[in-house]
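Colleague: Heads up: the sequence lines are chains A and B, in that order. Going by the numbering used here, the first sequence opens with residue 1, and the numbers climb by one from there. Going by the numbering used here, the second sequence opens with residue 1, and the numbers climb by one from there.
These are computed hints drawn from the structure, not numbers from a lab. Because the structure is a prediction, the values reported are computed rather than measured. Each hint should be verified, as a subset may be incorrect.
Straight-line Cα separation of at most 25 Å, SDA-like style, residue types lysine to any residue; simulated pairs [unchecked claim]: (1) K126(A) to Q170(A); (2) K167(A) to M73(B); (3) K167(A) to D85(B); (4) K167(A) to S75(B); (5) K298(A) to D85(B); (6) K126(A) to D77(B); (7) K264(A) to D276(A).
The following label-pair restraints were derived from C-beta to C-beta distances [said to hold, decoys possible]: (8) A545(A) to D85(B): 35 to 45 Å; (9) A119(A) to D59(B): 53 to 63 Å; (10) D59(B) to T112(A): 49 to 59 Å; (11) D85(B) to E207(A): 30 to 40 Å; (12) S283(A) to E88(B): 40 to 50 Å; (13) N213(A) to D59(B): 58 to 68 Å; (14) D85(B) to P109(A): 47 to 57 Å; (15) E88(B) to Q494(A): 31 to 41 Å; (16) E207(A) to E88(B): 41 to 51 Å; (17) D85(B) to A119(A): 33 to 43 Å; (18) D59(B) to D429(A): 47 to 57 Å; (19) R282(A) to E88(B): 44 to 54 Å; (20) A119(A) to E88(B): 21 to 31 Å.
Note that CB positions come from ideal geometry on N, CA and C, so glycine has one too.
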Amino acid sequence: MVRLLELRIRNFRGIRDLTLAIAGQNSALLGPNGSGKSSVVDALDFLLTGRIQRLTGQGTGTITLAKHGPHLSSKAADASVEADFQCGEASKPVTVKRTMDAPDDLVTPEGTTIPPSLAHYCSLAKDSGLHLLTRRQILDFILAEPAKRSEQVAALLRTEALDTLRKELQGAEKLAVQNVNKLIETKGTQSQALLRVFRDPTASLSEVLVKINAHRKSMGADSLESLASEGVLTGVTPLAKSAANPLQSQRVKSALTDTATWAKGGQQSWITDCDDYLNAVRSFRQHTERIRTLRALKLVESGLALVDGNHCPLCLKEWEQQELADLLSNRLEEGKDALAEATTTETLRKELRSKSSAALVQLRVLITDLGESFALQVTELKKLATSIEMFIETSLPSAVDGELPTEAHIIAVRNALIHPQTWSSVVPDLVLACAALPDLTDAQRAWDELTGAKRQLAEIESTTSTMRKSVIASAQLTLVHQAFIRARDEVLQQVYNEISTRFTAFYGAVHKHDDDGFAASLEPTRAGLKLEVGFHGRGAFPPTALHSEGHQDSMGLCLFLALVEHLSSAGAGPLLLDDVIMSVDREHRRGVANLLAAEFANTQFLLTTHDRVWWNQLRTVGLVFGKHLNSFRSWSLENGPSSEAPPILVLNSAKQALDSGDVPTAAHAIRRIVEMIGSEMYDSLGASIRYRADGGWSAGEYMDAAIGRYRALLKKSKAAANSWNQDMTMQIARDAALVDANKILGGERWAVNAVVHFNEWAELTPNDFRPVLDAHEVLLKQFVCESCEGSLYLVEDANGESLLRCLCGTVSLNLVAKK
Amino acid sequence: MIISKSFLDAQLLPLGRIIDTLAQLDLYIPTSMPINNLRNAVMLRFSELALAVENPQPDVAIQIVRAITEHGMLSRDEILKVAVDASEVVDGPTA
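Work out the full structure: start from the sequences and follow the hints.
Modeller: What follows is the structure in structure tokens.
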């Protein structure tokens, strides 16, 4: 577990020089818009990831880290973020630093290294953004289309490895089918070569067996019952001397005849085929819309069949049913036209490939059989064969799939076929040499044809064996791919169910009084991740359909927290929540604070907000200690944010000011304390004050209302205790202390009003003002627990006011009387 | 079979189920395997489903899963090679 101890920011975004001491605890930063809160968030984001999330994404095209990261008047090298972390495995704090001129380097002081837990936390932050939630992300979770939401959640869940594996399995499955088709093609070509051995290209396999048996009989061997390379020469007595010259072999002669045909005219026809294919591809490529339509053809076909109701079956966007059906029908027609053209192109591709395969088989026969006797010629033939092999092995993509080869690829194929040396010299010379040789005897021909058949059958058998294995592999890969998809969907659905359950629980905790029976479901669909939520028992709806903006913000936050919790990374390192309750009303903000305190006790939160009441509530519920409540009052270009200290520190600063004779500073501090504490009391005790349109309440009015409310609650608690025959010591003691404090304050009321409202402090000496300060200190202490220093707050349930308590329970006063 | 503690910790799944499945696959889990609960959970279920594939040659599916698990990731060409190598041809006419 990693905890942030201190953050030091220099010349970064809107901050000149700022140090935040956090001490591994939760921290909350308050400030109005533009006061620099988000710069603190950006700073930690930059430190962990080397980038600033706010400067990326839609609408940030011209914004760069180097230009917009440093403070306006600073160089990148002077802009830095440094922090001390406490890591679980390290006994001492670790310091890390990143500067804007080297954003990829997270550096540590010499002699120290980054502990694994911190490296892991940085990795989580960089890869999935799990360290930070902003309102913009909330919008992505809740308001986004399913596909966008799916991207967001997938990034958090880190499903990219699953997707990569799925694509590889799918690719392997497709490759296996292509492999089988290629082997079928090869086997066909090899079979043709077998028939050529016997100079009978139309013979069937059974007729080949007859021819083989005829030769075997002429050479004194028994007949074979089936075609197999192993038995062709069994029992045949080898000729003492086979064909003296390989060119006399019938297999070579046959291959040479075919190759010579190419040399004479076929080569040109072959090149013409290449040109035709090239032109067809060029023509097809000009219609980019057609290619796009073709790629989506199957999708459009499926989509048209699924149109049922007024929404798109893919993205769930609302459509007029007939309008959508017409649109898809038009696209289907366009797709069919494109398919016809693509099929023509595909036919040319197949012909080109078929011719190439056939020629290659003959070339291989010549290369094998001519051997060392014709080394020079074989070298040239090999060059041509290699070129054709490269073309065949590198499959040209199919136009029917909406894919086209590059022109450079086709031209490379075309050029590979132009081997003038081979066509004009090597092959014709071999033909002439062959013609000059005498015919073979019948015995020699039989022997040569049998050996040729054996060799050709062996090749066919090898191809057949590979093909059978490939067919099995192909079927297996389909099963494996299906198993993977099923495994992924099962696990993901289970994950989504768990997340939905926690999401529902979190949201229910925040909105238990106004959205009872809420339930949410996350469902992966082909189009993305569908999120539906219940609405007062009236069914499931998209979150944006019926819920208010504030409820949607709560949902986004709760969904994020559920995801973070599921990933077990809630305790990996600090979690930044940047102004995430912006649209949540005050009634529910305390619920959010309670949720964070109750469910994420091991998580270090860094929170920003512009709402003072929520900022104070974070302390009230025990999520943030008083000394870790920081606030910015304002921001200036030159100095950046100016900080506001928490009440207890303001009180101390007032004392120091008074000690040094500075009455005006002490007077302003008192005013700020009254406002800060007073507004929280109204919220936590449910106090009320007479409405003024101008908002101009005096400090006396603030305090009178809070004191009056507190006393009323103490009185109610005394009555309740009396009804239950319980001890009332605490109520009596707290009420007496409150009365005493108020008396002291009342005696100094003239001075309070004078200094805080009418600037008459100039008339007062430090000795005049000290009783005022003491009176406020005594009074303010009445509203907090002496043990936990948390503010007292009112607990209400369905029956109304039930308890007045503090966070630690030292103060816990029942308000419900016995009936 | 070597199973690292970090791998087991990362599963958050019943230990017995993991052991059973890995034992059937005779898997070697490298200690450097990246911790990713979701991926590991999917791979575990994937392994179980592959073991349950009913066809004449179930070992092919197992070999593929084993190779993927051992290497963390395989390309489509490598997956195909594993599949072809693991497939056995029954006797019969070949021409």
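Colleague: Please go over all the hints and tell whether each is borne out by the structure.
Modeller: Each hint tested on the structure:
Our distance criterion of 25 Å between C-alpha atoms is broken by K126(A) and Q170(A), whose separation comes to about 29 Å. For a cut-off of 25 Å, the pair hint linking K167(A) to M73(B) stands: about 11 Å separates their Cα positions. Under the criterion of a C-alpha separation no larger than 25 Å, the hint pairing K167(A) with D85(B) is consistent with the structure, at around 21 Å. With a CA separation close to 9 Å, the supplied pair K167(A) and S75(B) stays within the 25 Å bound.
Proposed proximity of K298(A) and D85(B) is contradicted: the alpha carbons are some 34 Å apart, above 25 Å. Of the supplied pair hints, the one linking K126(A) and D77(B) is violated, its CA atoms being roughly 31 Å apart against a limit of 25 Å. This hinted pair checks out: K264(A) and D276(A) have alpha carbons roughly 20 Å apart, not beyond 25 Å. Judged by the Cβ atoms, the range 35 to 45 Å given for A545(A) and D85(B) is violated: they are separated by roughly 54 Å.
In this structure, A119(A) and D59(B) break the distance hint of 53 to 63 Å, their C-beta atoms being roughly 40 Å apart. Taking 49 to 59 Å as the suggested C-beta distance range, the pair D59(B) and T112(A) conforms, at roughly 51 Å. Checked against the given bound of 30 to 40 Å, the beta carbons of D85(B) and E207(A), roughly 36 Å apart, stay inside it. Checked against the hint of 40 to 50 Å, the pair S283(A) and E88(B) passes, with Cβ atoms roughly 47 Å apart.
At roughly 40 Å, the beta-carbon separation of N213(A) and D59(B) lies outside the given 58 to 68 Å, and the hint is violated. D85(B) and P109(A) have their C-beta atoms about 53 Å apart, which keeps the hinted 47 to 57 Å range intact. Under the hint 31 to 41 Å, the C-beta atoms of E88(B) and Q494(A), about 36 Å apart, fit the expected range. In this structure the supplied range 41 to 51 Å is violated for E207(A) paired with E88(B), their Cβ-Cβ distance being about 32 Å.
As the Cβ distance of D85(B) to A119(A) is approximately 38 Å, the hint placing it in 33 to 43 Å holds. Look at D59(B) against D429(A): about 54 Å separates their beta carbons, and that is inside 47 to 57 Å. Checked against the given bound of 44 to 54 Å, the beta carbons of R282(A) and E88(B), roughly 47 Å apart, stay inside it. Taken as a hint, the range 21 to 31 Å is violated for the pair A119(A) and E88(B), whose Cβ atoms sit roughly 46 Å apart.
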